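Build the full structure now, drawing on both the sequences and the hints.
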Amino acid sequence: MKATTRTVDDVEIISLQGKITIGSGDTQLREVISNAVNSGKNKILLDLSGVTTIDSSGIGELVGSYTTATNRGGKLKLLHLPAKLNELLHVTQLITVFEVYENEREAIASF
Amino acid sequence: MERGDTERIEITISSRFENIELVQVIAEHLCENAGVDEDGSHWIGMAVREAVANAIKHGNKLDVRKKVNATFELQGFELEITISDEGQGFDPEKVSDPLNPQNLMKTSGRGIFYMKTFMDQVSYSFEPGGGTSLIMTKNLAKGSGIASTKA
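Chains as they are written, first to last, in my numbering: chain Z, 4 to 114; chain S, 305 to 455.
Take the hints with a grain of salt, since some may be wrong.
What the hints assert, rightly or not - With a Cα cut of at most 30 angstroms, we get these calculated DSS-like pairs of lysine-lysine: (1) Z:Lys5 to Z:Lys87; (2) S:Lys398 to S:Lys361; (3) Z:Lys22 to S:Lys370; (4) S:Lys410 to S:Lys371; (5) Z:Lys78 to S:Lys410; (6) Z:Lys44 to S:Lys410; (7) S:Lys410 to Z:Lys5; (8) Z:Lys80 to Z:Lys22; (9) S:Lys365 to Z:Lys5; (10) Z:Lys80 to Z:Lys44; (11) Z:Lys87 to S:Lys361; (12) Z:Lys87 to Z:Lys44; (13) S:Lys410 to Z:Lys87; (14) Z:Lys46 to S:Lys410; (15) S:Lys365 to S:Lys398; (16) S:Lys398 to Z:Lys87; (17) S:Lys365 to Z:Lys44; (18) S:Lys371 to Z:Lys22; (19) S:Lys420 to Z:Lys44; (20) Z:Lys87 to S:Lys365; (21) Z:Lys80 to S:Lys370; (22) Z:Lys44 to Z:Lys5; (23) S:Lys420 to Z:Lys87; (24) Z:Lys22 to S:Lys420; (25) S:Lys361 to Z:Lys22; (26) S:Lys361 to S:Lys371; (27) S:Lys420 to S:Lys398; (28) S:Lys410 to S:Lys420; (29) Z:Lys46 to Z:Lys5; (30) S:Lys446 to Z:Lys80; (31) Z:Lys80 to S:Lys365; (32) S:Lys410 to S:Lys370; (33) Z:Lys5 to S:Lys361; (34) Z:Lys46 to Z:Lys78.
Unchecked claim - Distance windows between CB atoms, simulated: (35) Z:Thr8 to S:Gly413: 46 to 54 angstroms; (36) S:Gln392 to Z:Ala112: 51 to 59 angstroms; (37) S:Glu384 to Z:Thr8: 43 to 51 angstroms.
In case anyone wonders, no lab produced these hints; they're calculated from the structure. Remember, it's a predicted structure, so these values are computed and weren't measured experimentally. By construction, the Cβ of each residue, glycine as well, lies at the ideal position given by its N, Cα and C atoms.
Written out as structure tokens, the structure is:
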């Protein structure tokens, strides 16, 4: 997994690319979010358009990332959910937990 | 391969996460060759991925000397997948429901749920001397098996 970061209007936009699966990307995601939160970023927007594969471990890390940000007084929202990831969040009802956006400007304005 | 043929494929891997995709790809190709659409093949492949990951992590506890065996048997439209490990087994009754509000924010515990969502049936067989086999079945004539259609 590759993560690239940019900041727009105080919102840390983290674009993830590749796999978020057990042993490949799941722990990387945790580190990326921890680093952002530890450096004082409390508005995090995860752009998932480049995610090619995700499994239950990756889903678990998304949940963990949300909890990490929230526990530190921050917010974590999702942008550009791939269709299959959307399905996985729906069947586990996690779609009710995350705020999901298709438009980056709208997502930034929502913080 | 014509849809409805009989096919049997078996692969044995060591307990490394990087081997999961090998087994997943076999599942997806077998399904695509049998006429299942891309989405349907993907979800079956994902069920296999989750089963193999559990076998490596929870069954064989990441011991690379221990093997995971995967068998795919396609008879007509009936696909049976068996994933076996060398672990000590577990109590399926104690697997928590990830849809329970108390479990919603847990970072683990969704693998078996996904398998049950994407496949028709999931069962287990525990060998007296150790070793667990997870058996999943899917009727490929039933359609793609996309998650939202079953939820």
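Verification of the hints:
no., hint, verdict
1, Z:Lys5 to Z:Lys87, "19 angstroms, holds"
2, S:Lys398 to S:Lys361, "17 angstroms, holds"
3, Z:Lys22 to S:Lys370, "26 angstroms, holds"
4, S:Lys410 to S:Lys371, "29 angstroms, holds"
5, Z:Lys78 to S:Lys410, "18 angstroms, holds"
6, Z:Lys44 to S:Lys410, "23 angstroms, holds"
7, S:Lys410 to Z:Lys5, "25 angstroms, holds"
8, Z:Lys80 to Z:Lys22, "19 angstroms, holds"
9, S:Lys365 to Z:Lys5, "28 angstroms, holds"
10, Z:Lys80 to Z:Lys44, "13 angstroms, holds"
11, Z:Lys87 to S:Lys361, "24 angstroms, holds"
12, Z:Lys87 to Z:Lys44, "29 angstroms, holds"
13, S:Lys410 to Z:Lys87, "21 angstroms, holds"
14, Z:Lys46 to S:Lys410, "22 angstroms, holds"
15, S:Lys365 to S:Lys398, "19 angstroms, holds"
16, S:Lys398 to Z:Lys87, "28 angstroms, holds"
17, S:Lys365 to Z:Lys44, "36 angstroms, violated"
18, S:Lys371 to Z:Lys22, "24 angstroms, holds"
19, S:Lys420 to Z:Lys44, "38 angstroms, violated"
20, Z:Lys87 to S:Lys365, "29 angstroms, holds"
21, Z:Lys80 to S:Lys370, "40 angstroms, violated"
22, Z:Lys44 to Z:Lys5, "19 angstroms, holds"
23, S:Lys420 to Z:Lys87, "17 angstroms, holds"
24, Z:Lys22 to S:Lys420, "23 angstroms, holds"
25, S:Lys361 to Z:Lys22, "19 angstroms, holds"
26, S:Lys361 to S:Lys371, "12 angstroms, holds"
27, S:Lys420 to S:Lys398, "16 angstroms, holds"
28, S:Lys410 to S:Lys420, "19 angstroms, holds"
29, Z:Lys46 to Z:Lys5, "20 angstroms, holds"
30, S:Lys446 to Z:Lys80, "36 angstroms, violated"
31, Z:Lys80 to S:Lys365, "34 angstroms, violated"
32, S:Lys410 to S:Lys370, "29 angstroms, holds"
33, Z:Lys5 to S:Lys361, "24 angstroms, holds"
34, Z:Lys46 to Z:Lys78, "5 angstroms, holds"
35, Z:Thr8 to S:Gly413: 46 to 54 angstroms, "30 angstroms, violated"
36, S:Gln392 to Z:Ala112: 51 to 59 angstroms, "53 angstroms, holds"
37, S:Glu384 to Z:Thr8: 43 to 51 angstroms, "45 angstroms, holds"
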